[in-house]
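Just need the whole structure built from these sequences, with the hints factored in.
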Amino acid sequence: MTKDFLNNIKLGVFILASLSFLILLFYMIGKNRNFFGSNIKLKSRFENVQGLKSGNNVRYAGIDIGTVEKIEVVNDTVLEVEMIIENKMKKFIRNNSIVSIGTDGLVGNKVVNITSTKQNAPLIKENDILSSRRPVDTDEMLRTFSKTNNDISLIAKNLKKTTSDINKSSGLWKLLNDNAIPESIHSSLSNLHTASEQINKIIKNTNSIVDHIKSGNGPIGTVLYDTAFTQSIKNTLRDINKLSNSAITLSNEAKATVDNINDQLMNGKGTINKLLKDSITAENINISIQNIKKGSDGFNLNMEALKHSLLFRRYFKKIEKENKCKSEN
Amino acid sequence: MSKNNQIDELPNIKTENKVLEINHLYKSFGDNHVLVDFNLILLRGQNIVVLGKSGSGKSVLIKCIIGLLKFNNGSIKIYDQEIGHLNATALDKIRAKVGFLFQSNALYDSMTVRENLEFPLRRHWIKLSQNKINEMVVQALTDVGLVHTIDMMPVELSGGMRKRIAIARTLILKPDIILYDEPTTGLDPITGKEIIKLMVDIKTKYNTASLIISHDMNCVRSASDLIIILLEGRCYAKGKYEELKSINDPKVKQFFE
Amino acid sequence: MNNSVLVKSFFAEVGSLSRFSGKFLSMFFIPPYEISALFKQCYIIGYKSLPLVGLTGFIMGLVLTMQLRPFMIDYGVESQLPAIVGIAIIREIGPVITALIFAGKIGSSIGAELGSMKVTEQIDAMEVSGTNPFKYLVVSRVLAATFMLPVLAVLSDAISLYGSYLGVNIKGDTSFHFFWTQVFDSLEFRDVLPAFIKTYFFGFAVGIIGCYKGYFSSKGTEGVGKSANSAVVVSSIMIFILDLLAVQITDLLGFN
Chain C
1 MTKDFLNNIK LGVFILASLS FLILLFYMIG KNRNFFGSNI KLKSRFENVQ
51 GLKSGNNVRY AGIDIGTVEK IEVVNDTVLE VEMIIENKMK KFIRNNSIVS
101 IGTDGLVGNK VVNITSTKQN APLIKENDIL SSRRPVDTDE MLRTFSKTNN
151 DISLIAKNLK KTTSDINKSS GLWKLLNDNA IPESIHSSLS NLHTASEQIN
201 KIIKNTNSIV DHIKSGNGPI GTVLYDTAFT QSIKNTLRDI NKLSNSAITL
251 SNEAKATVDN INDQLMNGKG TINKLLKDSI TAENINISIQ NIKKGSDGFN
301 LNMEALKHSL LFRRYFKKIE KENKCKSEN
Chain E
330 MSKNNQIDEL PNIKTENKVL EINHLYKSFG DNHVLVDFNL ILLRGQNIVV
380 LGKSGSGKSV LIKCIIGLLK FNNGSIKIYD QEIGHLNATA LDKIRAKVGF
430 LFQSNALYDS MTVRENLEFP LRRHWIKLSQ NKINEMVVQA LTDVGLVHTI
480 DMMPVELSGG MRKRIAIART LILKPDIILY DEPTTGLDPI TGKEIIKLMV
530 DIKTKYNTAS LIISHDMNCV RSASDLIIIL LEGRCYAKGK YEELKSINDP
580 KVKQFFE
Chain V
587 MNNSVLVKSF FAEVGSLSRF SGKFLSMFFI PPYEISALFK QCYIIGYKSL
637 PLVGLTGFIM GLVLTMQLRP FMIDYGVESQ LPAIVGIAII REIGPVITAL
687 IFAGKIGSSI GAELGSMKVT EQIDAMEVSG TNPFKYLVVS RVLAATFMLP
737 VLAVLSDAIS LYGSYLGVNI KGDTSFHFFW TQVFDSLEFR DVLPAFIKTY
787 FFGFAVGIIG CYKGYFSSKG TEGVGKSANS AVVVSSIMIF ILDLLAVQIT
837 DLLGFN
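Protein chains in written order, with this note's numbering: chain C, 1 to 329; chain E, 330 to 586; chain V, 587 to 842.
Hint data in this document are derived by calculation from the structure and do not stem from the laboratory.
Worth double-checking, as some hints may not be accurate.
[Stated by the list, open to error] Only some residues are given here: those of chain C computed to face chain V with a beta carbon under 8 Å:
(1) Asn7
(2) Phe14
(3) Leu22
(4) Leu25
[Claimed, not checked] Here are the simulated EDC-like pairs of lysine to aspartate or glutamate, each with C-alpha atoms no more than 16 Å apart in a straight line:
(5) V/Lys721 - E/Asp421
(6) C/Lys3 - E/Glu444
(7) C/Lys43 - C/Glu69
(8) C/Lys41 - C/Glu86
Idealized CB from N, CA, C, for every residue including glycine.
Below you can see the structure in the form of structure tokens.
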């Protein structure tokens, strides 16, 4: 009998040991899942919860403070997430905190993050609905990513085509490799230079003519002594002056460009990088040359007009004569 | 000699003395007809030996009597109660009055001698006090002369001692009928004789009726008041030892050679 | 020809095992109840198996941890070792290993014990002594096995986890408290409950098969050996089948 009794004691200890471990196990899990202790219920609304499930952790500043209790569909675009939060956190979380859904690690479980904002606000109460932040949707992220990728690939394709075009384009190469171009530019520039010198001369001459007329010395001086006429001449002269100034800037620009091109031609023959740069330069050069041409054409036209103008015809003829005499002498 | 004669011999037996009556017992295992038409009447204070060859259905007979095997047809009555029709509770009540000594003793290996003897007591007579039980255990062990083994395990005992303990376990319920299944099988002749003597002593002391299954002629001669020869599922012959020995039928004679 | 006999005998075996289980259920609800026999069997089947089960559980936890560590390091998640081992032990290793050890120890001992009782007519003797041997022997053993295996499995889980803790600390340095926190943090009710519940079925299977094989043991000492052997084999297979069923059911119910 006593042996049986002893055996029953051992049996009892054995079973109780097991039972207590089981209870401990359940208690620990229950504690992690907030089945015990006082809790507070919070809610938040989302458009998309991205696979959040009841039982997922709720974190505040990175520490686990509760779990997701349930997720309800309120209507076709709103989901309400109900969270169970440890009561002791009531003292810290304010009702303007923002709820977002995140991931534990890159591929881990979903977690609900409660983030506090800087502004002051009352503390949370039971059943408060906190505002939510639209979660970073990895799907959407990937979608954008893929679109960007497509764009980049398109750009790369174009770039490839452009460079191969440049490589293939014999004209451009010719332009860049042709030594005649800078020379012709040089000659254009020297032409321009002479043109502007001539302009200077003309202006000087014109000034003397005007002085002449003013003093009434000329044959038509008295007839033409009229302020309106003078004004118009002055305007003409100012225009000519402007033109010559712009011609000077133009020639400076052209000079810099030519220097630049010389540099390029000396140092940077062949590499694609340089080519790209050179193509722009070449374009610039073209435009410059055209501009210069246009400018000098315009100037010539002006000069021609001036020659044929009634008033200056005589003067010019006189100059021609003088020139003839000089050349004869 | 014939079975009709056997029944005719017992017309004037008083019913109160009749403890066991078997009529037209039929038992088969599939096509194996073990008992075909067996009749037997056991009286108070009578030792009947059923003699038969191995596999002749002797063990089946007493297992049918105690209700361990269901028989197909006929009737077995203990104190006028039909064994075949009893429910479990009533059967247990009958079994308390019938001791059964198994051929292999059937001592519970996991229990001490004391627990072995206590087991049927506690089972059948639930309300006994511990003191009474102890007293009865010691009494039964004294009857078989093995009080000193009371706290030993069955495996520590010799074959003869185990047989005695088994008898003590049968006796402890003070049964009216004891069924012995080959009590001397597997024992040396001297121990066998001791067991036979014990059986006779028990009969005289407690006035029990016994049905002994055996093919040991020593046992048959010393313990029997009446011998029934079981052949082909029937009572082939019946009588006292000397009577049967003088019969000239070769089927009977083969047992007495 | 021979095959059809084998198939038939297989089905016959399944049928009579089911009938035996049905008899167990009906006997289980009918009084009288063999309470003291049940306690005795609980002591023998449960308490006495603890050292064996505890040892295997301890070694299992230790070995599992040490085996998993290199791969965890390869994947750079060595810190998750306690969580992984904890889940493996609680969900699968603990219950199944315990049940298999239990089947080896208890299934064979029940099979051999009942077999030898059958052969030496002790079962008949019980019946003659006014005891329903089915209740006294079978019901008590099956119940004891059913209730003790979960107890053993839980203790084995605890010991395994301790072994795992030691295993983690062979090459690392984790405090006991942190180890437990990691293990429990990774666990959920759906890990523990199905694993715990299935051990009841394992225990029942070991008990009922052991009893069945012993109760219908053929005559002779060879029959006893055979019934002990087949009790272990059949109950071990049964444990795996039940394990498969359990995981499917928990899957269906959404607890997985």
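Here is how each hint holds up against the structure:
| no. | hint | in the structure |
| --- | --- | --- |
| 1 | Asn7 | 4 Å, holds |
| 2 | Phe14 | 5 Å, holds |
| 3 | Leu22 | 5 Å, holds |
| 4 | Leu25 | 6 Å, holds |
| 5 | V/Lys721 - E/Asp421 | 15 Å, holds |
| 6 | C/Lys3 - E/Glu444 | 13 Å, holds |
| 7 | C/Lys43 - C/Glu69 | 10 Å, holds |
| 8 | C/Lys41 - C/Glu86 | 9 Å, holds |
Consistency with the previously given hints is maintained throughout, with no hint failing.
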